[in-house]
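Chemist: Here is what each chain is made of, one letter per residue.
Protein chains: 2
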Amino acid sequence: MIERALQLADAESLAAVSIRRLASDFHVTPMALYWHVKNKDELLAAMGDDFYDHIEISDLAGRDWFEVLRLVVERLVSSLRRHPASAGLAVARILHSERGQVLTELTLSVLRDAGFSVGRSADVARTALHTAVTLVAGLPGAELDVPADERDAALARKRAEIAALPADRFPCLRVSGDALTGCEDAEDYFEAGTEFFLAGVQAMQRRLPSGVDAP
Amino acid sequence: MIERALQLADAESLAAVSIRRLASDFHVTPMALYWHVKNKDELLAAMGDDFYDHIEISDLAGRDWFEVLRLVVERLVSSLRRHPASAGLAVARILHSERGQVLTELTLSVLRDAGFSVGRSADVARTALHTAVTLVAGLPGAELDVPADERDAALARKRAEIAALPADRFPCLRVSGDALTGCEDAEDYFEAGTEFFLAGVQAMQRRLPSGVDAP
DNA sequence: ACCTGAACACCGTTCAAGT
DNA sequence: ACCTGAACACCGTTCAAGT
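Chains as they are written, first to last, in my numbering: chain A, 106 to 320; chain B, 106 to 320.
Honestly, the hints are just simulated from the structure, not real lab data. Fair warning: this is a prediction, and the values are worked out from it, not measured in the lab. One thing to keep in mind: the hints can contain errors.
Since the list gives no way to pick out one identical chain from another, each pair is judged satisfied if it fits inside one copy or across any two copies.
Below are the SDA-like pairs computed for lysine to any residue, each with C-alpha atoms no more than 25 Å apart in a straight line [as the list claims (entries may be wrong)]:
no.: 1; residue 1: 145; residue 2: 273
no.: 2; residue 1: 145; residue 2: 126
no.: 3; residue 1: 263; residue 2: 144
no.: 4; residue 1: 263; residue 2: 130
Please build the complete structure, drawing on both the sequences and the hints.
Modeler: Set out below in structure tokens:
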């Protein structure tokens with residue numbers, strides 16, 4: 106049922122996921138679902154939890170802090186990519202999911218070891234999750250708020266609108282139209298996004314008082 | 106009407122914004138609103154456009170590219186902070202809003218001048234917007250998905266749950282509970298988030314072949 | 001243990017009609 | 001130019017009842 110909801114979100118949109126719609130997919134009355142789930146919020150929660158249930162974390166311990174951080178973002182990204190239309194649900198669930206808790210604890214602990222203060226560690230950990238979610242949910246050209254069979258048309262419309270802009274006032278925008286609305290290589294995109302985040306963290310660490318832990 | 110919708114989103118939640126609810130606030134039938142707005146999507150679009158209508162851009166030209174980039178993020182953030190619960194609506198509207206187009210053109214043009222390729226400029230510009238939205242919508246402790254009068258209680262519940270975690274397995278999480286769920290100083294938070302983004306951009310620029318434009 | 005039927009309070013939206 | 005009434009197809013949810 107959760108799996109079906111995640112599929113439905115990707116195929117049509119997260120907005121298309123409803124108790125009644127799922128019930129009719131299962132040839133059952135809407136009220137039948139209330140046996141399996143307390144209410145719709147719990148359904149969405151279970152969808153968000155799913156992402157953490159599919160992340161490998163047991164092999165992360167005992168590595169360099171920076172490598173752990175990179176792996177955490179990479180694994181978040183690849184887990185979220187399984188169901189991009191629901192990726193946003195993961196943020197609210199990380200501290201309610203058992204594995205989300207373990208992942209957070211591990212991330213915070215390597216950041217503290219690297220010299221970040223409690224506050225900064227929390228900032229970086231939060232940003233790691235937000236980065237992963239934003240990368241996946243914001244993949245240019247994915248058009249996740251639109252049914253799958255209308256995505257090509259929606260994207261074409263978007264590009265036509267940019268191309269129709271006056272060339273004298275919007276020269277950069279016009280040459281960047283395709284780059285803004287689409288993505289040549291998704292793997293490159295996710296790797297670049299992850300590197301961008303890691304570069305920010307490194308810059309932050311360089312400003313730390315070296316040799317001693319931050320307060 | 107748009108202003109009322111934005112207020113309602115902040116006071117209760119974006120989900121509370123409905124045609125029928127707005128109509129009843131104005132002591133009018135739901136169908137009356139359809140005279141002023143084509144449908145609900147157009148209402149949400151107008152809410153998203155509002156953010157760009159309140160950004161000053163005319164004084165941005167003729168400055169150093171890095172200063173422009175900082176100002177763009179800062180102004181996006183302060184405009185989005187006017188109505189944080191609706192901040193997410195801005196992403197879909199930037200290229201449909203007149204001032205959003207101008208802002209994007211300006212941003213892309215300073216990035217191109219700084220030596221970034223078309224693709225990288227698009228990446229950085231997109232990330233600038235996503236950063237601003239994520240910072241505002243993700244302000245720890247804001248609890249924007251919950252009615253304003255339940256936010257304190259929701260936050261307290263969240264913190265209690267973290268405090269109830271087993272101390273042996275989640276030591277870092279427990280000491281970071283408050284830092285993860287709340288924010289001591291919002292101004293510091295937004296400034297640090299902006300600096301984090303800018304540090305990533307700087308790291309990216311340092312990798313550029315110097316003296317020549319990237320392909 | 002799992003599902004149904006009837007009911008209620010909500011949604012967005014259309015269309016013809018009113019002033 | 002601006003609003004209403006009635007109607008339709010959707011929502012989530014409760015509660016008592018069925019097997």
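Chemist: Can you tell me if residue 145 and residue 273 fall within 25 Å by alpha carbon in one copy, between copies, both or neither?
Modeler: Neither: 50 Å inside a copy, 34 Å across copies.
Chemist: 25 Å Cα cut-off: does residue 263 pair with residue 130 within a copy, between copies, both or neither?
Modeler: Intra 32 Å, inter 35 Å, cutoff 25 Å: neither.
Chemist: Could you place residue 145 and residue 126 in one of the four classes (within, between, both, neither) given a Cα distance threshold of 25 Å?
Modeler: both (12 Å within a copy, 21 Å between copies)
Chemist: Treating 25 Å as the Cα threshold, decide for residue 263 and residue 144: within, between, both or neither.
Modeler: between (37 Å within a copy, 20 Å between copies)
In this structure, the earlier hints numbered 1, 4 are contradicted, and the remaining ones agree with it.
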